[in-house]
Amino acid sequence: MKEYRFRIIIILAAIALSIYLLYPTFLDYQNNKHIQSVVEQKKQEILKQNPKISKSELEELLTIVEDSVKQSDPSYIENRLKRLKLGLDLQGGMRVVLEVNTAKLLEKLANNPDQVFNSSLAEAQKEAETSDESVVEILARKLQQKGIRLSRYFGNIRMDDAEIIDQLKKDSEDAVTRAMEIIRNRVDQYGVSEPSIQRQGSRRIIVELPGIAKEEEAKQLLQGTALLEFRLVKDPEFTYQIMERIDKALAKVLAAGNDSLLAELSDTTKKSDTTAAADTTQKQLTEEEFKQQHPFFSVALLDPQGRSADAFVKEDDRNKILRWLSLPEIKKEIPDNVEFVFSAKPISTTQDGKKVYFMYLVNKQPELTGGVVTNAVATLDPNTSAPIVNMEMNSEGAVEWARITGANIGKRIAIMLDGKVFSAPVVRGKIPGGRSQIEGMENLDEAKLLEIVLKAGALPAPVDVIEERVVGPSLGEDSVQGGLNSALFGYLAVAIFMIIYYRQSGSIAAGVLILTILFILSVLAGFKATLTLPGIAGIVLTIGMAVDANVLIFERIREELATGKTLKASIDSGFSKALSAIIDSNITTFFTGIILYQFGTGPVQGFALTLMIGIASTLFSALVISRLIFDYLASKGAKISIG
Amino acid sequence: MRIFHNLNVNWMGMRKTFYILSIALFLVGMLNVAFRGLVFGIDFKGGSEIVLQFEKPVEVAKIRNDLANIGLGAVEVRTFGAETGILVRTELQEIPNEIYPKVVDRIRENINKILPGVPYKVVDSTMNSVTIEFDNPDTTNLMIAELFAQGFQTGKISEELDNKQMIVRVGIADWIKEVLREKVKDNPFQVVKEDRVGPKIGEELKRDAVLAVLLSLVVILIYLGFRFKFVFAVGAVIALFHDVLITVGLYALLYGLIPGLNLEIDLPVVAAFLTLVGYSINDTVIVFDRIRENMKIHKTMPLEELINRSINQTMSRTIITGLTTLLAVFVLFLLGGDVLRAFSFTLLFGIIIGTYSSIFVASALVVDYAQRTKKKVQFS
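Chains A and B are the protein sequences, given in the same order.
Just so you know, the first sequence maps onto residues 1 to 643 in my numbering.
Just so you know, the second sequence maps onto residues 1 to 380 in my numbering.
It cannot be assumed that every hint is accurate.
To be verified - Where chain B lies over chain A, by a calculated footprint (3+ residues, C-beta under 8 Å): (1) 312-322; (2) 478-485; (3) 539-550.
In short, the hints are calculated from the structure, not lab data.
In this text, all values refer to a predicted model and were calculated from it rather than measured experimentally.
C-beta atoms are modelled at their ideal positions from N, C-alpha and C, and glycine is treated no differently.
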């Protein structure tokens, strides 16, 4: 037994690790079933109470129900993050490949474009569609052929063509960064779960949105120019008054039970919603009472010292607040010319990992919009070495800016992109000439982000959809079913064949094959990889290929037995002599797997990944696990039939 | 149970026959590629494709008829999965200019149906979408919801509360859906899959795919060159070329001949070809491994006899490893659904031809090389 101990420990550890990695997937599956049943039940209830409810309203309510169930237990989210993810082709969703339209960008960048420029640009654009060369390069070549220097349209007269080309290339790369930031901002806002936004190459962005139902709306998020606005933030006193009025009105509405669902939801929200501010200011009230009397302040927390009226709001509560604010009873408490908006990025996280955002009250009417910003650069202040952003405006904007800043010294101006606040600096003094310096960023990254945001208003990043794939959830379900069936029956066919042909040895191989599949799935989950339909095909293929190693070994053992060796000696030499063929053949397949992974996209990569993981697990199963079983049985003197 | 036990066949003596067979298969395939051509899926060709799931079984011929004269040129229509599924495909990516006004008219009609006489104006129209402005945000929201319910892809132009503009997409897919909704009234459907691929991406993918296949062949050549003598590596890689090209030829030969089997070259099929390259080499390695071993034992045995003996000794495992994989792939072919059918077909045929070439082509080439150069072939 001793000689096997080490191997047994390794194998058991591998199996235990696999189960550990796959357990969240199992739990998540259970949770989903539970959530679905709750939502279904609620749906029936709502329909009974209010049969005439419109479809979109029903959906909205059900989303709230779903969210609140999910929030009620943090382990739901935890399991969800650790589960084996399904690809878009299996769960349904939308995949869009966007490409920055360099031609449009060049058109915007060009100073005094004339007929020659426009026609050259059009030609360049056409040529770029079928060429590897970028639009910038082709345009430069075309203009050079015509004997025109690039500096006639771009940069300044002292720059030579190479410099300008470099500059333009950098501009178009920047455009991709901007587009990504804009898209990320909007997707966050839209509330898609687990979106993926990746950059591919220098000009492309791949956006994957699982489970999107309204594709046009989603696509609208991705295209179009971002709206940059400068809006005045209201004074703390004013904001606090408004909040108090909302709070009172809301308490009344909830108590009256006009919106039964909302009332119920605010009851069921977890007790763990500790309200730091509330604890200090309202000691005499219990948490429950506070929540009833001050529903608004229980989710929009204020600084207890009252220095500012920027409320802290947890990520989950943002939608709840928006819904409350849209109720007619609440709406009339808020002046028409102001609105509540949230910060784009979380400012901190709570102990249980929830992100916290600022909520500001700002004017609806922007003081200025982004068209006036001509440039923004993130840098370090040479004196204090604190991160700053230098912003420049055109002459028109500068005049307005001087007036605005002059009239609002000491007040704050929110810099907003697509309705989200990225920064709300205080106006120190009147800024003539349009050159402003924005301070208060934590680090250079934050400053860089603000630079991107400010430029987004100045220079749009026109993107084109060059590929889009939408898979409906029903097709996804069919695919999952087909894949599972193939895996099951594929396994049965192979297992039965092995048992018939190799008897006991075959059944050992068939048993070990289950572990191989377990390993593949757990490694996928552990790597946070995605299981796609071709990925399932890879698993089925692995089922067929995994026993190949066993076949090679068994055939060797048979040969060795035929020469008259004992079972134990035959097993030893069978395994060792088959080794080189097994390794050589698997390594070549592994190489093609790597190449496939490099070349492929999305689903095909999923296939390559399962193929490679499959090969690794096959080797482990055949060479370590099967070997151990054979050795152990042989040492016990058991007779193992091999057909 | 055992098969091919104590086999003693002079395979190398028959190699001329196998050469002729291989060349014949190759020529048939290549002639078909030359004259019938290969059909590429939209992954490579670019275009639009939608899959519709009807509630009741539909006749493909009727749908084809319905879609024949809607201004989209040649539209391909076929079943997808069960008889309630329809796949519609066109090489176009944008609505043609002639059709565009019709599509916009359709939107106008629908707006008028929902709120007769409501004032609106078209503020922007691009090849892909129309932007329409209404008088107030509420009308806009209502219109977006109503039109969306009717199957239009609508959205707000911005998330601002006072947004008055609505964007309606006018894509190929939308037009097809609109037409069918009109013409197949008694049988509602939903869209389960929708793909649109630009032509540039297709070109890139095609190039990448060919590169990937070639690269994997080169990598295998190098690896086997290290593990065995170079001539063996060359023999193995020629056999792989043989497998890939004959399978490609089969694609051209069988396209459209077998109902329910859609042999179009798309991304998963390329993945299958690469897998084929990786898998088909396995059997060759098994034989070579045995030849290497036998060479050490029987130092004086003539190469031809040595190879025959090695092939005979490994025949059973070559066949069985192929067979188990074939079993799994066959199940995938039957149950894996439409999306994976061409993929599993490639592997199904590829494994058969790969096993054949491992036994009869790769080693035979080594024998011929040795005879021609009168060299004694050995392993390192």
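I'd like to know which numbered hints this structure contradicts. Please list them from smallest to largest.
Structure breaks hint 1 only.
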